[in-house]
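**Student:** Using the sequences provided together with the hints, build the complete structure.
Here is what each chain is made of, one letter per residue.
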Amino acid sequence: MPNPKERDEWAHAPFEAATIERLRALVADLDAGQRLWLSGFLAGSSGAVSAASAPSASATAQRSVATILYGSQSGNSERIARLLHDKFKERQVEATLLDMMDCKKAHLESAQRLIVIVSTHGDGDPPDRAMAFADFLSHPKGLRLGHLSYCVLALGDSSYEKFCETGRQFDARLEALGAKRFRPREECDVEFDLVARRWIDDVLTHVVASSNAGVQSNGEIAPRGGDAEIRSATVSTAHTRRNPFHAGILTNQRLTGRDSSKDVRHIELSLEDSHIRYEPGDAVGVVPKNRPDAVDALLNATAFRPQALVRVDSQETELRSALIEHFDIGPVTPALLQRYAAATGSSPLAELGRSPDAERRYLYGRHLVDLVREYPPAGLAEAAFAQLLRPLAPRLYSIASSQKSAPDEAHLTVSVVQYESFNAPRYGVVSNHLADLATDGASAPIYLHRNGGFRLPADPRTPIIMVGPGTGVAPFRAFVAERELTGAGGHNWLFYGDRQFASDFLYQAEWLDARKRGTLHRIDVAFSRDQAEKIYVQHRLRERGAELWAWLQEGANFYVCGDAERMAPDVHAALIDVARIHGALTEERALDYVTGLQRDRRYQKDVY
Amino acid sequence: MAAGEHVMPRALPLEELNPNERIKHGSRFLRGTLMETLADPVTGAVSEADGLLTKFFGIYQQDDRDQRDERRRSKLEPKYQFMARVRLPGGACTAAQWLALDGLARQYAGNTLRLTTRQTFQFHHVSKRNLRALIQGINAAGLDTIAACGDVNRNVICSANSLQSPAHAEVSRLAHDIGARLLPRTGAYREVFLGSPAPEPPPDDEEPMYGSTYLPRKFKIALAVPPQNDVDVFAHDLGFIAIVENGAILGYNVCVGGGMGMTHKASATFPRLSEVAGFCTPDEVPDVAEQTLCIQRDYGDRKDRAHARFKYTIEDRGLDWFREELAARRGRALQAARPFRFDSSADRLGWLQGADGHWHYTLFVENGRLADTAKRPLLTGLRAIASVHPGVFALTTNQNVTIAGVSEADRPAIEALLTSHGIANDGYISGIRQNSMACVALPTCALAMAEAERYLPSLVDKVEQIVSQAGLADDPITIRMSGCPNGCPRPYLAEIALVGKAPGRYNLYLGASANGDRLNALFRENIAEAEILTELDSLLRRYAAERTPGERFGDFTVRAAVVPAMVNGRDFQRAPDSSRSIG
Ligand code: SRM
Ligand SMILES: Cc1cc2nc3c(=O)[nH]c(=O)nc-3n(C[C@H](O)[C@H](O)[C@H](O)COP(=O)(O)OP(=O)(O)OC[C@H]3O[C@@H](n4cnc5c(N)ncnc54)[C@H](O)[C@@H]3O)c2cc1C
Ligand SMILES: Cc1cc2nc3c(=O)[nH]c(=O)nc-3n(C[C@H](O)[C@H](O)[C@H](O)COP(=O)(O)O)c2cc1C
Ligand code: SF4
Chain A
1 MPNPKERDEW AHAPFEAATI ERLRALVADL DAGQRLWLSG FLAGSSGAVS
51 AASAPSASAT AQRSVATILY GSQSGNSERI ARLLHDKFKE RQVEATLLDM
101 MDCKKAHLES AQRLIVIVST HGDGDPPDRA MAFADFLSHP KGLRLGHLSY
151 CVLALGDSSY EKFCETGRQF DARLEALGAK RFRPREECDV EFDLVARRWI
201 DDVLTHVVAS SNAGVQSNGE IAPRGGDAEI RSATVSTAHT RRNPFHAGIL
251 TNQRLTGRDS SKDVRHIELS LEDSHIRYEP GDAVGVVPKN RPDAVDALLN
301 ATAFRPQALV RVDSQETELR SALIEHFDIG PVTPALLQRY AAATGSSPLA
351 ELGRSPDAER RYLYGRHLVD LVREYPPAGL AEAAFAQLLR PLAPRLYSIA
401 SSQKSAPDEA HLTVSVVQYE SFNAPRYGVV SNHLADLATD GASAPIYLHR
451 NGGFRLPADP RTPIIMVGPG TGVAPFRAFV AERELTGAGG HNWLFYGDRQ
501 FASDFLYQAE WLDARKRGTL HRIDVAFSRD QAEKIYVQHR LRERGAELWA
551 WLQEGANFYV CGDAERMAPD VHAALIDVAR IHGALTEERA LDYVTGLQRD
601 RRYQKDVY
Chain B
1 MAAGEHVMPR ALPLEELNPN ERIKHGSRFL RGTLMETLAD PVTGAVSEAD
51 GLLTKFFGIY QQDDRDQRDE RRRSKLEPKY QFMARVRLPG GACTAAQWLA
101 LDGLARQYAG NTLRLTTRQT FQFHHVSKRN LRALIQGINA AGLDTIAACG
151 DVNRNVICSA NSLQSPAHAE VSRLAHDIGA RLLPRTGAYR EVFLGSPAPE
201 PPPDDEEPMY GSTYLPRKFK IALAVPPQND VDVFAHDLGF IAIVENGAIL
251 GYNVCVGGGM GMTHKASATF PRLSEVAGFC TPDEVPDVAE QTLCIQRDYG
301 DRKDRAHARF KYTIEDRGLD WFREELAARR GRALQAARPF RFDSSADRLG
351 WLQGADGHWH YTLFVENGRL ADTAKRPLLT GLRAIASVHP GVFALTTNQN
401 VTIAGVSEAD RPAIEALLTS HGIANDGYIS GIRQNSMACV ALPTCALAMA
451 EAERYLPSLV DKVEQIVSQA GLADDPITIR MSGCPNGCPR PYLAEIALVG
501 KAPGRYNLYL GASANGDRLN ALFRENIAEA EILTELDSLL RRYAAERTPG
551 ERFGDFTVRA AVVPAMVNGR DFQRAPDSSR SIG
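If you're matching them up, the sequences are chains A and B in order.
According to the numbering used here, the stretch in the first sequence is residues 1 to 608, in order.
According to the numbering used here, the stretch in the second sequence is residues 1 to 583, in order.
Looking from chain A toward chain B, a few residues come up when the C-beta cut is under 10 Å (computed): (1) Y496; (2) A502; (3) L512.
Since the hints were made in silico from the structure, they are not lab data.
Idealized CB from N, CA, C, for every residue including glycine.
**Tutor:** Below you can see the structure in the form of structure tokens.
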């Protein structure tokens, strides 16, 4: 029986009534894992989606009658949780025991009954291992828990001002998210033994009594999200750079540590209602806008009238707004320099064009404003000036999430470009814009940029080697998540590099976690500034050459993402070396081998 | 003891014991997987089990707690770093060693050294990457870090400054002897940190005394030379009190079963002062120490680590049991204890002339922290002194350092350096600050619930206003602050103790004696700075008005019934009434 919400969603489905009926009947027969697979399949272009229909974690969760979720610092709550779990086992009732540290949105969405046991620490704060869960409950990003019944056991110490604060807050948050309390919250003071034991008995009685009914109706309970995914997959995404989707900012979190020389952000965008379906390897395009202060600085350096009309795409627009929205006023390119030299009749600039080296030196770090200050656009009208400029291009960012784990989100890994040149601070247009966006309703104009050339192998058993230093690691976060969620059996090997281990190891905690869970099988790292000599990923590739070659012999795919200027060519050269040395090939054959990999789409690059 | 409990805990099957026992046993004498986890470049940590093992080598894995939350949000692992504690029995090092340690601190340990309440050095903020280099540097200076932490006998401490008198020199030698005798024998340290080759086949009897599971818990020994009780001799598992007559040591009173640590509100845990069990001659001391340690090895609780210290073994089985057990093991009983008297547990700051005419300058180091601040470039100042001073640096158990063995002729040069660096004691230091101690706590200590070292100085600034208004500015009053109830700065022996409960909140204890022979008692629970100051203000004013001549603040608070005299540690966390009914 479809629930009312479900019926509501089908009502807007873009099908004939009869098709809807057929689809609905079909979908009702599928279990959660099958739905997940199907949604991925429909979202994928052609048959590229590799997912074997391995049952997802949530399918197992379906069988469990209750999820015991604990947050503990000194072990009390954990002990109680284990005790309760054991009691369930004694009665042959299947329950899931879960540390808040490991709790994902999907766990909450697939659970039927949630039993929360949590202590309070600090000055009314959650235990360390429950911090992330607390953050998540207070920024639940569209999580709705109407299907869930729950109860809370709060541990605390009444000599503290904020007694059992965390338990109280979680209780209130769960209620606010629509979950139904099946038993009032119990609060334990320091001497909690007796209270906890009574509570356990009470919870057991309650759950065991009502779970018989629950088990029978189990097949009826539809996991949330599945239908929505199927529906949106069938609607083509209409968002483009001219008609961007305004994606709300869910998270804007600095990833680099205190002492880092860089500011790299993890930005989570909301795709809710966008109908955007992406695959690992895809990117998001962000429509840029110049900073008004940078435009005004440029205008102030000239005699141009901000209101003068100029032509943009065959329309008349005021110069100032055209400079904000349509023209690149940043670093000067050689081509622009030559157009400008010609238009202004400047012979020194024209002279520069004859010596590429001198020109490169001259242009290094030089923005349009610096050029017009040194060589004023004498005699040029606003419209003619605007004609010289190049359009402001959208910026792409690799998507760092798998839509299977976050259906309504796209995560980006954005390195904020800031530097100084000609005694002025310079701000990269889009990266700074994104970094400045707050999570309180701000949005970014985006569209989906498909990247069919950067795809996971079709066969889930194929091993993959990922080389992604710096922000190049972004798509690999999506790769690893996707392979985990689809139960792909192939091994995953990541090469990561950056400046400093302590502060620049993007997503370090997640990689360690994945390694522990066994979904990231190998990881090698290179930090260039942690020792006297510079060490980069290509050095690690050579060091691990023998194993790398063995992986390639087993059919591994090889992916490179990140810096195009130096990293990618160095990695390319290292790969050839590995083939030469460990495959005992001549230079030429090694080159052929690597070219062959590229041809077979086993060596894919996404570099910028 | 419950009837029928005759099995020695050590003889129980491993599965019944605390998981730590299994880890120790399975570690191949502390090797574990340290070689692998130290080499893992993806994390700054070692594995949890290995982290337990490094402690036996004086090395603690920690993380910068100031950054913990921020790094979690940044999806970075905690800022893991290591603390390394030097093994320095008796607390003395040469000037050359000082310079070496100073250099290592600058290179690997965040430009700071920490003098501890057990008279040694700690390095903090050492990354895993640099750990071996640091340990090798320490060893190159003729020192090491073996057994500075872990379930073994720790650094043996003694009344500071061996150069002060022949008796002090003898006690210091004894501290070395005991330390050497009770040292773990495993080669793991040399293999893991110094690059020695691993023996083939691996030995299975590397630890004849300790065995594969070592001790149930840490074991601490202190030696005191009355009338100074700077080491707080009753605060340790085993204490030796020198009985000195006409400058010669006749022997030592042996005291057993002391310790500070407890857990808030767990009344089965408590600080306890050791009891004098008897007397032995100087040549008997190492054997008494070894046999006592072996008694604890065999009888200490190996199931519950919160009940595993020797103090609970003594508390549960009684002093008579111990005397008999020791006599049985040694084939000889201890003699009757001799009389002794302690006046103070403080250091005597400033210049002091030793028996041989040499001078010793005890420098006040607030909370033991050696670092360069704009006002007091202590690290650099002491480096300058070590560069010219041919003698010894003697660390005190009050976290200070004595520049020891200065000839009359060299005194002016040392004084000049102290003055030119602005680190001498003569800038005004109130009686209460001179007698203040705080443990390390945040940001490095994993167990801290509140600030200590970083906070106490500013709190003392405010208390100084109170004492000066009360006319007590020069009175010695001991104040100790710890970030948690484990008791690292021996807070339960302070006239005023502040023990952390949560950020900004402390329990206030009062009423310990000034010479370390009586614990304090809980006065106020879980209070913040404003209340601390209000309470101290009214108490200190009362003390100034009502004290009898020479009466110390701790004694006053007991006489005035502000707090009860805490006679037995077991009552420390119980309401006085309930303790009576249980008795
Ligand atoms: C550095 C020092 C405090 C100081 O400010 O000087 C210290 C610092 C620590 N102590 Fe301590 N203890 C220090 C003297 C003491 C003392 C005083 C003494 O021994 O004279 C005690 C009380 C005596 C006793 O042992 O009962 C003490 C009782 C503890 C305890 C509680 C032990 C217990 O059985 O009750 C712990 C926690 C534990 O072992 O579980 C502890 C644990 C710790 C640790 C290692 C925290 C940990 O286990 O993770 C602290 C490291 C903090 C850091 O970042 O440096 N420390 N600790 C002292 C180093 C002494 C040394 O050089 O060896
Ligand atoms: C397919 C693809 C995927 C991408 N994925 C990501 C990603 O995942 N994460 C990410 O952060 N970026 C990614 N990029 C790069 C991204 O698109 C932008 O180029 C980048 O964020 C800079 O844009 P901006 O508008 O902030 O800076 P701009 O305003 O475009 O300024 C950047 C320009 O400033 C100049 N400049 C920069 N630093 C200096 C310096 N130190 N000295 C002198 N001049 C300098 C250079 O000319 C540079 O091109 C990707 C690019 C592509 C093509
Ligand atoms: C540093 C610290 C701070 C605490 N703060 C609070 C608090 O603010 N409110 C409260 O009710 N309990 C507080 N407590 C008490 C704990 O919640 C209580 O000890 C609980 O039993 C711990 O459960 P756990 O072992 O599962 O973490 C605090 C405990 C500690 C150690
Ligand atoms: S007393 Fe507690 S907070 Fe202070 S150093 Fe010792 S263990 Fe850490």
